[in-house]
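Chains as they are written, first to last, in the numbering used here: chain A, 1 to 146; chain B, 1001 to 1146.
Please note that the accuracy of each hint is not assured.
List time: in silico BS3-like cross-link candidates among lysine-lysine, alpha-carbon distance up to 27 Å [stated by the list, open to error]:
| # | chain 1 | residue 1 | chain 2 | residue 2 |
| --- | --- | --- | --- | --- |
| 1 | B | Lys1021 | A | Lys126 |
| 2 | A | Lys82 | A | Lys21 |
| 3 | B | Lys1082 | A | Lys68 |
Hints were generated in silico from the structure; no laboratory data involved. Predicted, not measured: the structure shown is a model, and the values here were computed from it.
Protein chains: 2
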Amino acid sequence: MPFELAQRGDTQEENNVFQPKFDEKGLVTAVVCDSETNEVIMLAYMNAESLEKTIITGEAHYWSRSRKELWHKGATSGNVQKVVEIRTDCDQDAVLLKVQVTGAQASCHTGRVSCFYRSVKKDGDKFTLKFDDRAPKFDPASVYKK
Amino acid sequence: MPFELAQRGDTQEENNVFQPKFDEKGLVTAVVCDSETNEVIMLAYMNAESLEKTIITGEAHYWSRSRKELWHKGATSGNVQKVVEIRTDCDQDAVLLKVQVTGAQASCHTGRVSCFYRSVKKDGDKFTLKFDDRAPKFDPASVYKK
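Pulled out of the complex, with its shape left as it was, chain A reads as follows (with noise of 0.2 Å):
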């Protein structure tokens, strides 16, 4: 494995070795944004295997928690992710990926660039979401086919 795994009571902040803290469940936590915008266009999650293959190939893979597999970011919609950078915070329990989207460049289910295409608004006493005008790239139906 291209990283050594962090020891209880390691200093992860102030030393240049890459030792990712994974949680009990095994994981990291992946943001990702653009490479060139740097707009967050989704947030994911990592194991160890997922992190190697990323590393070794330049190419998004993550732990899907809901499908419990590997899960290689584009390999059904096209839309994979070429990693640029990889960044992790202070304590090593969350990595950045710095990502160019290719095929339709969208890395939502909902076929939208980012996942976070809603905003929060205030409306009275609730507070509820506001839709970002761009349109989703692709349609999800036509894609994602059961």
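With chain A fixed as given, assemble chain B onto it according to the hints.
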């Protein structure tokens, strides 16, 4: 509470109801980015109380998993995060905060602008971390007094 709690079976993708999906620990993941540059500066977690406080006060509040308490970001360091926008993702188990940081304009407890201050570099068969050139904005030892 200014939002509804998700019920099992609800679909969160295509409606305008803000219905955050808290996990089994009662948390959603919060990705935090600079509202001007889009740079991702940290990742944290929110329970319902911290999310509500964030919305109502316009300043980021999190749930500190290590201290197990409500955490008004910047209360000690002075680096308060003013919330410009809140977004949520397709399945509403994460939020994206776009913020302006006050004080020293640093969000990492190490004194740096961002917690993601190291990139992963290939070094033979191993991967090591390379520090950014940006110097810390404050000295944590003088800010976080024991």
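Outcome of the hint check:
Between Lys1021(B) and Lys126(A) the CA atoms are separated by roughly 17 Å; this keeps the pair inside 27 Å, and the hint holds. Between Lys82(A) and Lys21(A), the direct Cα distance comes to roughly 24 Å. Compliance with the 27 Å bound is thereby established for this hinted pair. Restraint check for Lys1082(B) and Lys68(A): not satisfied, since their Cα atoms lie roughly 37 Å apart, outside the 27 Å limit.
Hint check: a violation occurs at hint 3 only; the rest are consistent with the structure.
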